[in-house]
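Following the hints, complete the assembly by docking chains B and C onto the known chain A.
Protein chains in written order, with my numbering: chain A, 1 to 180; chain B, 1001 to 1180; chain C, 2001 to 2248.
FYI, nobody ran anything at the bench for these hints, they're computed from the structure. Cβ coordinates follow ideal geometry from the N, Cα and C atoms, glycine included. Hints are all accurate, no fakes.
Calculated cross-link-like contacts (lysine to any residue; reagent style SDA-like; alpha-carbon spacing at most 20 Å): (1) B:K1051 to A:I36; (2) A:K5 to B:R1068; (3) A:K135 to C:S2183.
If you want a taste of the chain A side facing chain C, the calculated C-beta under 10 Å gives, among others: (4) V14; (5) A15; (6) F54; (7) A57; (8) Q64; (9) Y71; (10) R76; (11) A84; (12) L86; (13) A98; (14) E109; (15) G113; (16) E152; (17) D155; (18) L156; (19) K166.
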Amino acid sequence: MDDLKAIIESLLFVAETPLKIEKIKSVLETEDRTAISDALNSLAEEYESGKRGFFLAEVAGGFQIRTRPEYRQWIRRLKETRPARLSRAAMEALSIIAYKQPVLRSDVEYLRGVDSGGTLRTLLERGLIRMLGRKDLPGRPIIYGTTRQFLELFDLKDLNELPTLKDLADLGETWPNDSM
Amino acid sequence: MDDLKAIIESLLFVAETPLKIEKIKSVLETEDRTAISDALNSLAEEYESGKRGFFLAEVAGGFQIRTRPEYRQWIRRLKETRPARLSRAAMEALSIIAYKQPVLRSDVEYLRGVDSGGTLRTLLERGLIRMLGRKDLPGRPIIYGTTRQFLELFDLKDLNELPTLKDLADLGETWPNDSM
Amino acid sequence: MKNIIVNKKEDQTPYQVSLGELFDGPMDLLVHLVKKNELDIYDIPIALITQQYMEYLEWLKSVNIDVAGEFLVMAATLTHIKSRMLLPVQEQEGDDEDPRMEIIRPLAEYLQLKYAAEDLMERDRLDWDVFLRADLDDAEASFAGDPAGLAQVGLFELIDAFQDIVKRASPKYFLDITPDAISVKSRISQIADILEDQGSAAFPELFEAEATREDIIVTFLAILEMAKLQLIRIMQHIESGIIRIFNG
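The following block holds chain A by itself, in its conformation from the complex (with noise of 0.2 Å):
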C-alpha cells in the first residue's frame, strides 16, 4: 500500500463525522484531488474485494468507514446497548419532512392526520430534523427540514439519493408492513 493510500486510511480511521475530500486536501496540503479520490476508490474496493470487517460509505458529501451490515449481529452483542428506536409515527413524520421539505408543522399533520408536535420534538431533540427558518404567514411558523445526522443514520449521499417515491398504481398487492 502506498503512503498517500494508507495516510487517507488512519485519516478515515480517526475522523468523526463523514470526512470530505475537501478536507483531506487540506490536511495533506495537496490540490491533487484526484490522486485523493483514486485512493479512496482503491480502498473501497480492497475493502470489498479483501472481504473485511468494514467497508467504505459514501454518505452526506464525504467517506467514512462502518461495519458490515452482515456483522450487525455480532456487533450488537458487543455493544450491549439497544439501540435508539424510531417510533413508527417519528418515521411517518421524519419521511414527510424528508421528502416534502422544507415543510412546516402544519404540512406534517395535514399528511398524518394527527398532532405531530410532540413528534416534532422528538426528532428535532434526536438532531435529525432541524429549523431552517420561519415562513412569512400569520403567527410566522417554523420551516424544518432534515439535517446531516438524518443523512449519516440512513446512509444517504445527499437529498437526491432518497429512494424515490413508489408510484402507488405499480405496486399491486403489496402494502406497507403495519410493523414499522
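Showing chains B and C alone in chain A's frame:
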C-alpha cells in the same frame, strides 16, 4: 478473508477498550480460543505486511486497532482543524445574550448565578458576541450583543428567526413512544 | 460459532402492540381498512369503508380507548362523502369530480410516504446495521481547538441552554419573549452591523428597506433603545436638516 477474521475485525473496529480474547469468545459464543488467536495473528500480519494506515496493538491484556505512529502528524492536523464545540457554560451565556440582548455582564451573571467574565471573553474571542457600547451607570458597564458570526453558526437569517420558548412549548411534550 | 448469515426479519424486535398505539391516526386506520378488504384505493367503496370505520370507533370506545378528535373529524368527512355519493349526478356540471377524491388524494399521498418510510428503514442504518469506530479518548486526541473553526451547533442546544436558565432563574425575573421584543432586538443588531461597517447612517436610510408600518415602528423603537443605551449618537446637520446616526 474468512468470516471469523472479518467479524473479529469489525468487533475490534467498534470496541471502546482493548478487546480481550475472553470477550471475543463470549460474544461469538465459541470455545475455540485457538481460532480466535489465529485470526488475531493473521490480522496483525496483514496490517503489517500491507502497510495499512493502522496496526493491531496488544495493550492492557487485549487487542486494539490503532493508527500507525508514522502518520501522527497528519492525524494531528486533522484533529487540530476539528471544529471546537462550545462548552455548556458558553452555550448558556450565549443563549442569554442572544435572547436578552442588549445585555450587561451583570445580567448574564444574575441569570447564570456564576461569574461569567471568562466565558464572555471566550465568546468575544470567537467573535460570537461583541461589545455594543457602555451603559450610563456607575462604572460604565459594557453592553453585549450577538454578532453576524453568531447568526452564521446557528444558520439564522436574522435574530427574528431565533425560536422562542413559546415555539417550543407549542410543540408540546416529546412523543412518549419515542424512547430515546 | 452460530450461523453468521442473519435473516433480515429475524433480527428485528417484534412489534409490541398495545391498544393505545393501535392506530397512529385516522389515516392509519383507513389504510388498515383498505388493506384488510384488499381494496383498490382509487376505487374505494365508500359505504363499506365508512361503516367499518364507524364500527372501529365504536369498538375502541367500548374498550375504553379515548377516541381522539381527529378520528371524529375523519368520520364526519367519510359520512359527508357518502351522502354526496348518494346524490344524483348532475350532468350539466362537467367539472363535478368524484366526491371520493376528497379522501383518496390525501390517502394516496399518505400511503406513498409510508412506503418511503419503509424504504428508509430498509437502508443500512447507523448504529443498527452499521457501526462506527468508537470515539477513543486517547492522549493523541486531546488537542486545543482552533478558535476560528467552531462546530455547527443545533439551535435546539441553544434553546436548551436557555430553558435551563429560565428554569433556574427566580420567577420574578421570568422572561417573556414575545416576537415583538425579538424584532426590536434583531433590528438593533442589524443597525449595529450597519454602523460597524459605515460608521454612520442617515436616519431615513435605516427605514429604506422597511415595507410595513410595523417594521417602521420596530426600527424606530430600536433606534430609541439604542439611544437610551448610548450605543448611538443622533446628530442633525444644521443647514440641510438631515439626521445622521453615529456609532456611540
